[in-house]
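One line per chain: the protein sequences are A and B, in this order. Under our numbering, residues 1110 to 1463 are what the first sequence spells out, in order. Under our numbering, residues 1110 to 1463 are what the second sequence spells out, in order.
It cannot be assumed that every hint is accurate.
Heads up, the list lumps identical chains together, so a pair's fine if it works in one copy or across two of them.
[To be verified] Keeping only pairs whose Cα atoms sit at most 20 Å apart, straight-line, the calculated SDA-like set for lysine to any residue is: (1) K1455 to E1303; (2) K1142 to Q1255; (3) K1146 to W1320; (4) K1250 to S1382; (5) K1298 to E1406; (6) K1455 to F1439; (7) K1250 to Q1292; (8) K1304 to D1188.
It is worth saying that the hints were derived from the structure and are not from the lab. Keep in mind it's a predicted model, so treat the numbers as computed, not measured.
There are 2 protein chains.
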Amino acid sequence: MAYEIDSIHTPAFVVNEAVALRNIAAFQGHCDKVGLKLRPHIKTHKSIRFAKAQLAAGAVGITCQKISEAEAMLADGIDDILITYNILGSSKLARLRALSDRLAALSVVVDNSVVVQGLGQAFDGASRPLTVLVECDTGAKRCGVQTSDVAVELAYQISNTSGLIFGGLMTYPAVGMANDSAQFMRDTKQLLDEKGLACPVISAGGSPDMWTAAPDGIVTEYRIGTYIYNDRSLVERGTCTWDDCAGHVLATVVSTPTAARAVIDAGSKVLTSDLLGFPDFGHVLGHPEISVVGLSEEHGVLEVDPENPLKIGERVRIVPNHVCVVSNMFDDVWIEGEGGSLVQMKIDARGCVI
Amino acid sequence: MAYEIDSIHTPAFVVNEAVALRNIAAFQGHCDKVGLKLRPHIKTHKSIRFAKAQLAAGAVGITCQKISEAEAMLADGIDDILITYNILGSSKLARLRALSDRLAALSVVVDNSVVVQGLGQAFDGASRPLTVLVECDTGAKRCGVQTSDVAVELAYQISNTSGLIFGGLMTYPAVGMANDSAQFMRDTKQLLDEKGLACPVISAGGSPDMWTAAPDGIVTEYRIGTYIYNDRSLVERGTCTWDDCAGHVLATVVSTPTAARAVIDAGSKVLTSDLLGFPDFGHVLGHPEISVVGLSEEHGVLEVDPENPLKIGERVRIVPNHVCVVSNMFDDVWIEGEGGSLVQMKIDARGCVI
């Protein structure tokens, strides 16, 4: 059933489908042009519908962060998944093996030998081996091996483990490839070549530097999530414009206690407290003079221009600082189609943190 | 089915039931002693089971922030709900009237005449009138009328509206009652008395000052949410101890890239980015030397003592900075019972932001 924007309950998460599809097409076009395979990360939309749209546009497969996300993406036509996570523990490994049996291609990453051992035990005797990439910390200081030597050691361990295949290298983020990140990958690739270990995939990723993403003689695949919806952080970096922001929160003004203050029905349980360097909690479209100065759980406090106040009952559209976490707060998203019609769609992998 | 702690998937939200029930009993005891009615806010646990436990301990009713939360709390024995929110818009008002028909007592708050008008239209001709309290801004700078005079004007408007009954005054937070907050309420009460407007309820709330909550000759009801689980922010304020923290996130170490860094499988999609003044994102129980220095969506980066490192596969328990928002990230909570057995329970009102 289709609704009009004024008739849906707020707060609501709304995605303009035409803008989302245009964003998908634009970056797919970039990757096709520079010769990068694209493997979009579903963490932003968490929806089968948009994963299929990304694949239809030319993506080679999808990326998930957690095994439960990958399980939620199982659908006709989604048959190649990379889970960029160290997966460990017998019950998760059993789920991973079951998942593998339902896909044409499944790959994961590792950054330590404990995880390789577990994967090996889980896939020993499997009809199809599991592809395993080595995660490299090229500056993000999150997961990842610290040196090329350790990367090569892990590649050896994978190659020598029954049930596993060494699939290549992975890093995040790739702050442009003409830097230390690229050098780490080049050095490691050279070492692997010298040892005779094939390295078919070198996977980098990240939305902020998407338009400069290029193989640079080393990267083969690019992973990217936020680009489908975009958000305030990417506008601030110049990666996109407000018109490219497909996702926003629709909220209603419920109180105007003073001339300079308006309160909306979206708080931290909608917009989240992610600041990403901003001094406030989102951008009110069409109102650059307004700041979202405070959030409590179900209220957002706006500082408004007393000469240009908001009215009680008025609705505002807010582009989140960080859309990936906001999308995950809602069980459903409203898909805005032609002429502004709205259809509610379940967010398939919401809350899939396992 | 009951599980052991080592067998459940991580990240998980775990609540020790005995501690939660002890917290409920302790504050109910305080309220009984000082002569305050207690109306717990379900925003923290969002569960029918714990709402019933609060009522069984002696609460006079429950508080919800959103109408969808109240709808999710409908169950035998839960028949008195205060929704501390300006509710507006025809479809929400229709839901509110339907909700009223299913409860013995329903009340809401307002801070402006537009919302009073809408409530009046919705409850005109209702078999039972809606009780409406006036929200006062006594310093929190969120919602609420700014002066006692405006509070009295709204009380008049409510009293003169068919289908509505003026129920009293409400404020949040009540930073102790021996301050401006109490004075605002006393002044308003006096004005109401002079005008002959009965003010049966004066409702204050907030966990940080819970142990000093007292009627002080003015407050009749106290609303409180966090106290059932407690969190790091309340330990920091001295309101409770770590032993009183019933809720925590169970996470697994998935990577130890350097001697000083461990990475867990809980990120901002679990712990949230709520800092509440802390420099990091949670307290690792039993490890005061560890800082949760960074969160990405599905990873938490811990700074550990290289002399006392964590191992891959090791599990940690993290008390969140702000438990109310963390509880809302999960579809289910694990209830830890006698001897450490765990039973999974749906979080009834998760994501109920409408």
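Outcome of the hint check:
no., hint, verdict
1, K1455 to E1303, "neither (49 Å within a copy, 54 Å between copies)"
2, K1142 to Q1255, "neither (32 Å within a copy, 60 Å between copies)"
3, K1146 to W1320, "within (14 Å within a copy, 60 Å between copies)"
4, K1250 to S1382, "between (22 Å within a copy, 18 Å between copies)"
5, K1298 to E1406, "neither (48 Å within a copy, 29 Å between copies)"
6, K1455 to F1439, "both (9 Å within a copy, 16 Å between copies)"
7, K1250 to Q1292, "within (16 Å within a copy, 52 Å between copies)"
8, K1304 to D1188, "neither (32 Å within a copy, 72 Å between copies)"
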